[in-house]
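Student: From first to last, the protein sequence lines are chains A and B. Each step along the first sequence adds one to the number in the numbering used here, with nothing skipped, and position 224 is 224. Residues are numbered in the numbering used here as their position in the second sequence, beginning at 1, plus a constant of 1000.
Heads up, a few of these hints could be off.
Here are the computed lysine to aspartate or glutamate pairs in the DMTMM-like style, where the Cα-Cα straight-line distance is at most 20 angstroms [stated by the list, open to error]:
(1) Lys1191/B x Glu54/A
(2) Lys1317/B x Glu10/A
(3) Lys34/A x Glu54/A
(4) Lys247/A x Glu191/A
(5) Lys1191/B x Glu216/A
(6) Lys14/A x Glu1128/B
(7) Lys1321/B x Glu10/A
(8) Lys179/A x Glu1128/B
(9) Lys14/A x Asp150/A
(10) Lys179/A x Asp1129/B
(11) Lys1396/B x Glu1338/B
(12) Lys6/A x Glu1315/B
(13) Lys14/A x Asp1125/B
(14) Lys1133/B x Asp1120/B
(15) Lys179/A x Asp1125/B
(16) Lys1133/B x Glu1175/B
Between beta-carbon pairs, the in silico distance windows are [stated by the list, open to error]:
(17) Ala45/A x Ser1411/B: 39 to 49 angstroms
(18) Gly12/A x Ser1411/B: 27 to 37 angstroms
(19) Leu26/A x Val1149/B: 54 to 64 angstroms
(20) Glu1418/B x Ala60/A: 33 to 43 angstroms
Since the hints were made in silico from the structure, they are not lab data. Values in this document were obtained by computation on a predicted structure and should not be read as measured data. Beta carbons are placed, not taken as given, at the ideal position from N, Cα and C, and that holds for glycine.
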Amino acid sequence: MLNVLKNRFEQGCKTSTYPKENIRLLPRYRGRPKINPDAPPDVAAACATACPQEAIDPAAKTIDMGRCVFCGTCERISRSRFVAFTQDFSIAVAEKEHLITAGDIPDLAAHSRQHFKKLFGRSLQLRQVSAAGCNACEADLNVLATPFFDLARFGINFVASPRHADGIVVTGPISRNMKTALLQTYEATPEPRAVIAVGSCALTGGPFRGSPEITEGLDTLLPVDLFIPGCPPHPMTNLHALLTFFK
Amino acid sequence: MTMEFKTISNGEAIPIESIPHLPFDEFSAQATAIVSGGGKVVQFFAFKIDGAVRLMAVLRTDALLAASCDSPESYPALTAQCSPFHMFEREIAEQYGIRPEGHPWLKMVRYHANCRDVDDVFGNDYSEDIPGKYDYYSVAGDEIHEVAVGPVHAGVIEPGHFRFNCIGERVLNLEIQLGYQHRGVENLLLKADSRRLPFIAENIAGDTSVGHSLCHAQAMEALAGIRTDDGSRIIRTIGLELERIANHVGDLGALSGDVAFLPPANYCGRMRGDFLNMSLLLCGNRFGKGLVRPGGVRFPMDDDNRRDLTARISELKPQVKHVFALLFNSPSVRSRFERCGAVSRSDAETLGLVGPAGRACGIAYDVRRCFPTEQYGRLDIPENAESTGDVWARAKVRVDEVMQSIEIIESLLSNPVETEIVDVSENRMAPDSFVVTLNEAWRGELSHCLLTDSSGGILRYKVKDPSFHNWNGLSMSLRNTGISDFPLNNKSYNLSYCGFDL
Ligand code: SF4
Ligand code: SF4
Chain A
1 MLNVLKNRFE QGCKTSTYPK ENIRLLPRYR GRPKINPDAP PDVAAACATA
51 CPQEAIDPAA KTIDMGRCVF CGTCERISRS RFVAFTQDFS IAVAEKEHLI
101 TAGDIPDLAA HSRQHFKKLF GRSLQLRQVS AAGCNACEAD LNVLATPFFD
151 LARFGINFVA SPRHADGIVV TGPISRNMKT ALLQTYEATP EPRAVIAVGS
201 CALTGGPFRG SPEITEGLDT LLPVDLFIPG CPPHPMTNLH ALLTFFK
Chain B
1001 MTMEFKTISN GEAIPIESIP HLPFDEFSAQ ATAIVSGGGK VVQFFAFKID
1051 GAVRLMAVLR TDALLAASCD SPESYPALTA QCSPFHMFER EIAEQYGIRP
1101 EGHPWLKMVR YHANCRDVDD VFGNDYSEDI PGKYDYYSVA GDEIHEVAVG
1151 PVHAGVIEPG HFRFNCIGER VLNLEIQLGY QHRGVENLLL KADSRRLPFI
1201 AENIAGDTSV GHSLCHAQAM EALAGIRTDD GSRIIRTIGL ELERIANHVG
1251 DLGALSGDVA FLPPANYCGR MRGDFLNMSL LLCGNRFGKG LVRPGGVRFP
1301 MDDDNRRDLT ARISELKPQV KHVFALLFNS PSVRSRFERC GAVSRSDAET
1351 LGLVGPAGRA CGIAYDVRRC FPTEQYGRLD IPENAESTGD VWARAKVRVD
1401 EVMQSIEIIE SLLSNPVETE IVDVSENRMA PDSFVVTLNE AWRGELSHCL
1451 LTDSSGGILR YKVKDPSFHN WNGLSMSLRN TGISDFPLNN KSYNLSYCGF
1501 DL
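Okay, chain B solo, but in the shape it has when bound:
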């Protein structure tokens, strides 16, 4: 079989016509062959063009590959042969009413009607209040009990439903049903006025504002043929790394809190705030909102800023290091982290785990190294792979990444940064074009994919948050794990509900 998928580049706009449009059977055979051979799914979605529905796949091996096909109303599920398509086919079924026959677990993703007004694949009537109306996977037996949690949880946390099937304390299966945060982001991006787009994009997941706004900006820049300057690329890289540090530090504190070791929990909580304040220093928002815009950044970095940031980083760096040492050298912490919620490398590959969750299982993939954007091509990003796949490994990867990110920022701050700031820009996008952007957000591979129509308007806007891959990793971690270890495992992933729900 000759490979028909086309090799494409991260963040490069190409004509839609240049993407191989294959007969369905060939598309399916090639896509499953690539993924069964170790490839991964970056994007797989449906879109409407000239009154017909097509499927588009963006896969990755050591290159990015794309192809499309006409979508049948129903088709033999790719998932039946190749698991990593699992979530994507469910999403296509929900969004477009196209049925993947033989899908091993065809259930809704976010509870909403499809965009074609065709019969709902799941038989739902969305005029009713639907969430929760679903037969959860259940285990039978006298000693089995179920625990249902959510959508409203006990803390200040996003909503979602968790259904545990347990024998005694041991979890046999955890099923996670999300969709409560569904705001219709992809559709809103199609109809909203162009000046609103960066605002919608950066609020897809607020803890990943910089990641999402980067993916958005790079896509718009590619379609409009805009080049950004060096200075803005440096500031954006700093923004993304600050976001990574703040989240990792916060989560490591939360992990410490979950094993009842309170000093690091409190110190990390406070230090996370200091990193958020560095984003505030840069752009006036603690989450980096408003920093990245198509064309560059909205705020300059003058020498005062640069010195202030450098001073803050050098003051915090030893504190961070010492608190991490305190956490990792405590026997009671280690004994709780080690072997807790382990996922094997082969399961991680099958589920398609990305980011620190994948690296904790030995999958070294990091967009910053494999498909670099912004300044990353000039930086040395280590592999950070651990092998044990447990809470310890997920925490360890994050600790390493925090220290590396601090060094990255220090090196980027060592020279003056000059940039032309941008604000509202009216971008004319190339018609009939396609672009996919990928960035390593703190949870892993984040991707936006845009298709434009014949007049340069947005035909389809597809968003994939890393959490779309990783929620099943959390379920897998809970297999045969004590239910009381759920919070610890949950925190070790800390996945996004709103990024998943869109």
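So here's chain A without its partners, still in its complex pose:
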């Protein structure tokens, strides 16, 4: 017992004060991309060629955050003259076209569904479906339950059955072998239900795009309400998205 108390004392209270106070992530974290519209065309073109995800449109000078894996190659190549990543982790969007950005991301709160706020604002139960990603998206959803993020203090929980859920959170590029199970889970969730796509894989197929075994975008199968970009999205991105969209 004494040991339990000693450890408790050593560990202290680690729960973050977010959203009351904002959080600063580490310097190398790559959040919302900022794009310089005046970058020379050859620099933009070089970035587009080097991008492993074909996420850059050099003519329009935009990045598709749905495809982007936030590797930072474009920032490196352009020496931040075309793309520079900010520390801003608030990058989720409610409409797919908002993923294509020149640096500004529409205010998520202004695009959230009002009936969801009314229904789920005080209690939101989510069922997670993992569908063929690399399991890092799942891992960074799971950490929301750890003391630092402590998702439950906001009335949001991950539940064991779709029948108990208000919505599903899908990760991964939805393999052929997982499609039926995913659709059945969706069907088993009572209406009205929210569909949340987490990670580059669920948004566009991510690093696995081009494989005949996967689906390039959850929105080709189901109506998606909330798109959370990243590979994987930082837990703060997930937390910000859930709080802003539903609270």
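Please arrange chain B with the ligands on chain A, whose structure you already have, making use of the hints.
Tutor: Chain B with the ligands only, in chain A's frame:
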């Protein structure tokens, strides 16, 4: 019988022709002799070359051995005489439609069509929705009941199907059917543009991003004749050890949660996050994605980083130690961990268990010590073998490894690290060549094997995640174990679905 297999080195590219190409009978006899004599299978796979199909085996004794042969359309299964080939022959049957006659348990691995458009060995029609259409092994008897779980599980976990045959609470057999996470990684690696390859490789299993990207990078470096500098080897070693610590700490917390001892469960969850943040500090990604690239690393470690990392490690080290002590000194925890899900050493050898799962059964093998890469040749890696093969042993090995990894990182951080950072590199790979790379990822031996064609393109890319060996260990742990102990055993292995499914 003279040994015809060739001794090769970890991460060294050699011409395909220099690998002994044996008649099938001889190949089979030698391979089974080596493995029956205590050798292990590192890789065994089929590949197409000049319109024909060949089999390639990479085995290990205290050396790495390789040989190939022409593949018959069907052949007497090696597994019939020597169990460790079991999964590999099933995989070959699924990927290439080649039938191992007399295989004791010929069932699909991941549910997909073979790459040669020949008849499916399992008689499946893949235009239909196929997963789950399979007669599970069943036990007959009035008092027998079956429990089916998955593919969608109760938590935030990857999908897979578990079929328990039980008598009362006692599990007689657990059959695990995976394949739901199959993304076609090996084929995608063949057709994707070269700049995408490291990205695909590091996402084979996200909790092992550094492990997979290391295996990939070392293979590309060997084929392209690139040497990495000391600094990058140090940073890569730190990356791999951070990955090991984060996963072990997280799993020890989960084990604690599964025996309803909540303080360590919460502390470990939080401390795991602190270790993930150290990867974020290094490369901007909590899972170390983007850190390792062919040729070196993408991020330098300046003195500020080094000091910051050192400070974080020294702050956490005592906390980790104290939380582990709290966990291991609690009688209620010990009584739940001890003797739960024990696997004998001989079963572990037969199944070919690797990593902490193998070491928990007394198999001291560790790639870091036996076939070292990066900085490991200069480090002293202890044997870490336990003997009881139970949850306690699997947890104990992990605790020891966490403390050792912390010390490894501390020692590597004690001197300034200078490196030339790399980014996109166009690598020209040697034609008609072969390379196999092995690393000790946190779950155990991880291996990539590449063959190039006559123009230096990738002819075959074979990936083997340690989970490919270890899932059967979990089944074995459940034999005669209460079904309510499944979560505890599952967590003690914490195997990868996506790493297995590819
Ligand atoms: S950060 Fe995104 S846009 Fe830039 S190169 Fe990487 S994937 Fe492409
Ligand atoms: S988006 Fe990235 S992190 Fe998420 S599952 Fe896909 S590969 Fe993994």
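Student: When you take the CB atoms of Leu26/A and Val1149/B, is the distance between them in 54 to 64 angstroms?
Tutor: violated (38 angstroms)
Student: Check the hint pairing Lys6/A with Glu1315/B against an upper bound of 20 angstroms on the C-alpha distance.
Tutor: Roughly 16 angstroms between the alpha carbons, so the hint for Lys6/A and Glu1315/B holds.
Student: If you draw a straight line from the CA of Lys14/A to the CA of Glu1128/B, is it 20 angstroms or shorter?
Tutor: Outside the cut-off at roughly 50 angstroms; violated.
Student: Look at the Cβ atoms of Glu1418/B and Ala60/A and judge whether their distance stays inside 33 to 43 angstroms.
Tutor: Since Glu1418/B and Ala60/A have Cβ atoms about 40 angstroms apart, the given range 33 to 43 angstroms holds.
Student: Just to be sure I understand the hint, the distance between the Cβ atoms of Ala45/A and Ser1411/B should be within 39 to 49 angstroms; is that true here?
Tutor: holds (45 angstroms)
Student: Please verify whether Lys247/A and Glu191/A have alpha carbons no more than 20 angstroms apart.
Tutor: Satisfied, since the Cα-Cα distance of roughly 19 angstroms is no more than 20 angstroms.
Student: Is Lys179/A close enough to Glu1128/B, meaning Cα to Cα at most 20 angstroms?
Tutor: holds (12 angstroms)
Student: Does the alpha-carbon distance linking Lys1133/B and Asp1120/B stay inside the 20 angstroms limit?
Tutor: Holds: Lys1133/B and Asp1120/B sit about 15 angstroms apart, inside 20 angstroms.
Student: Against the 20 angstroms threshold, does the CA-CA distance of Lys179/A and Asp1125/B hold or violate the hint?
Tutor: holds (17 angstroms)
Student: Please verify whether Lys1191/B and Glu216/A have alpha carbons no more than 20 angstroms apart.
Tutor: holds (17 angstroms)
Student: If you draw a straight line from the CA of Lys1133/B to the CA of Glu1175/B, is it 20 angstroms or shorter?
Tutor: holds (14 angstroms)
Student: Please work out if Lys1321/B and Glu10/A have their alpha carbons no farther apart than 20 angstroms.
Tutor: holds (12 angstroms)
Violated hints, in rising order: 6, 13, 19; the structure is consistent with all others.
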